[in-house]
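Participant: Please dock the two separately framed chains into a single complex, following the hints provided.
Heads up: the protein sequence lines correspond to chains A and Z, in order. Position one of the first sequence corresponds to residue 1 (my numbering), numbered consecutively onward. Position one of the second sequence corresponds to residue 1 (my numbering), numbered consecutively onward.
These are computed hints drawn from the structure, not numbers from a lab. Owing to the predicted nature of the structure, the values given are computational and were not obtained by experimental measurement. Built from N, CA and C at the ideal position, the CB exists for glycine as well.
Some chain Z residues flagged as far from chain A (calculated, every beta-carbon gap over 10 Å):
hint, residue
1, LEU101
2, GLY102
3, TRP103
FRET-style restraints, in silico, Cβ to Cβ:
hint, chain 1, residue 1, chain 2, residue 2, range
4, Z, TRP5, A, ASP119, 42 to 48 Å
5, Z, GLY97, A, VAL90, 46 to 52 Å
6, A, PRO6, Z, ARG34, 36 to 42 Å
7, A, VAL136, Z, ALA17, 19 to 25 Å
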Amino acid sequence: MQLKPPTPAVRIGLSVALATGLYGISFGALAVAAGLSVWQAVALSALMFTGGSQFAFIGVIAGAGAGGAAFGAATLLGVRNAVYGMQMNVMLRPRRWRRFAAAHVTIDESVAVAASQTDPAEERRGFWVAGLGVFVLWNLFTVAGALLGDALGDPAAWGLDGAAVAAFLGLLWPRLKGRDPVALAVVCAVVTVLAVPFVPAGVPILLAALAAAAWGWADRRTAPVVPATDDGGGSGTGGGPGGGIAAAARDGDPSAGGGADREPSPPRDPCLNGRPDGRGE
Amino acid sequence: MDGLWIWIIVACAAAYATKLLGYLVPSRLLDNPRMLRVAGAVTIGLLASLTAVNTFASGQAVVVDARIAALAAAAVALLLRAPFLVVVIVGAAAAAGTRLLGWG
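The shape of chain Z in the complex, shown without the other chains (with noise of 0.2 Å):
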């Protein structure tokens, strides 16, 4: 078993000991404001962030690549509303199809 392996499992276990734990703490420890509106930020930032990774980091690099071309391809998929599968499948062929042109 190699060491991803290990590090799904363990990320598995903490996922459903978080869910778990809403359902046996005592619901004043959770529901105060300022709990609540960490969790919010947290979750905005961290996709956010996830967004900026997968877009501009190459390693410990910072590149601009094809990449870009499936931000701004999804970013425009979402204005139109489209669904979430509908902006994954734009964001991949905006990439591919930059790179078919020869750059990134």
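Extracted from the complex, chain A is given alone in its bound form (with noise of 0.2 Å):
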């Protein structure tokens, strides 16, 4: 490549690949604080590679569940990521084996920075620069994290147990605008609690997989799926996690919509495109 200054979606893509990279270090250190092996926590972040199916494979592991359980509901929470390759796929119309790569990298942060812009030139960079960039980051500081959890004991003296319940929640945030999905996010919470004494671990989450499917099944004015940078982070510089980058993949992405009848966008978010890297040098 040759140096030339970097357009606005290759800083996007590059500040966004910073923020989420950092933290795959509380995913190592979750990882191992769960029980897996160092090399465990890596080959989940180098193979699977969606940040948000991780944390559930590991937080199922964690409560003692069992590998089938993990299994399911790490697959589940995958299932937005076809969405987004549907997507991805008619906005960049990748052609043979880089179909291959575009699918490994095709994640919430790729696909909201490729939204956020609107020349065709512009979307391709960003995608690429934010899933490759997030690819290299995430599984370096996976493998710090790992080896950091390894190194400190005994995880409940360190409130690893409470990072977890920090990290889902904080999951779970950028996807709560308006009222509707606080209701289904409550609702699957206590249907949740009420199984746990009932059924073996793991399956509580199935079964709010399930009352939530049914939700959205039945509710015509459940939200289609949007990519939050779910895994948090955001645009780096404090802008709160995923807020900005998803709202500007809402307004930005005609497909996002996908002909749903939903709500009218909410308000963009100012911490995207109030800053310098949403526009031009």
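Facilitator: Written as structure tokens, this is what we have:
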């Protein structure tokens, strides 16, 4: 690549990559605290590479759930990536082997950055810079976090179980825009807690997923899935987890609405369009 | 190779297959309002459920312990628009601090 000043999409992609990559540390540390080996944590980041599902997998294992339940939770949480893949296929039209590479880096962050752009070349740059940038940094920081977690010893003494709670709330938070998502979240949390004493560990999570699917199926007001920078982070300048990129994605991507009868987009989060890199040099 | 490794490999394969599916199937199969709503609702429901399990479950028992302090502290941090990593550290500090005070 020649030395040119980075375009807006490249700069947004890089800042998202840095913010998201950094908390690969928390994934690595929590994975080891949940009982995975360092290599298992590394394998999840390199091969699964979708933060929400990775946290879901170790979250079930940490709660003494079976491997099958961890698989179920991770896979269901990854379903939104199929929707993103479809949108990116329409937007970027990757050909041949690029399609297989694009699939692997199809995550909330890369999709949100691509969707925040309007020029096709910028969409493409934003997607690849964010996707590959997050991939490299997320994996590096996972290794660092896993080694750190290994060295810490007793997870409870360091509050790592509390860190897991905070991580899941942080992943959920940017998706709670409006009253309906909050009601859905509360219902699913209640279903989970009620089910805990009666079914094997891990299964309550799958029951909540079932309840949520029924909710989405029946309630025409439910918002369609949109890419939050789910793994939190957002633009990395204290802009708050995810909101900015997600809001930009909603406004910028005509296909994100999917023709669904959703309410008008919530107001844009100021953290993206107020930043210098939302615009030209 | 223990059982957990097998589930990790299977889950990773499923995650990639899911992503690739979006690129390979005709878009009309996925791009309908109902599918998009279900995908949106399942994402929120799972994250809410995982938050609840990690806060209140201890095996098959429902318990209230230091993790509830982590939940509250994380919510405050999120309200103050703290970045994700700060939220996680605040959660850990709240749980560890509560235990240091002799509860949970």
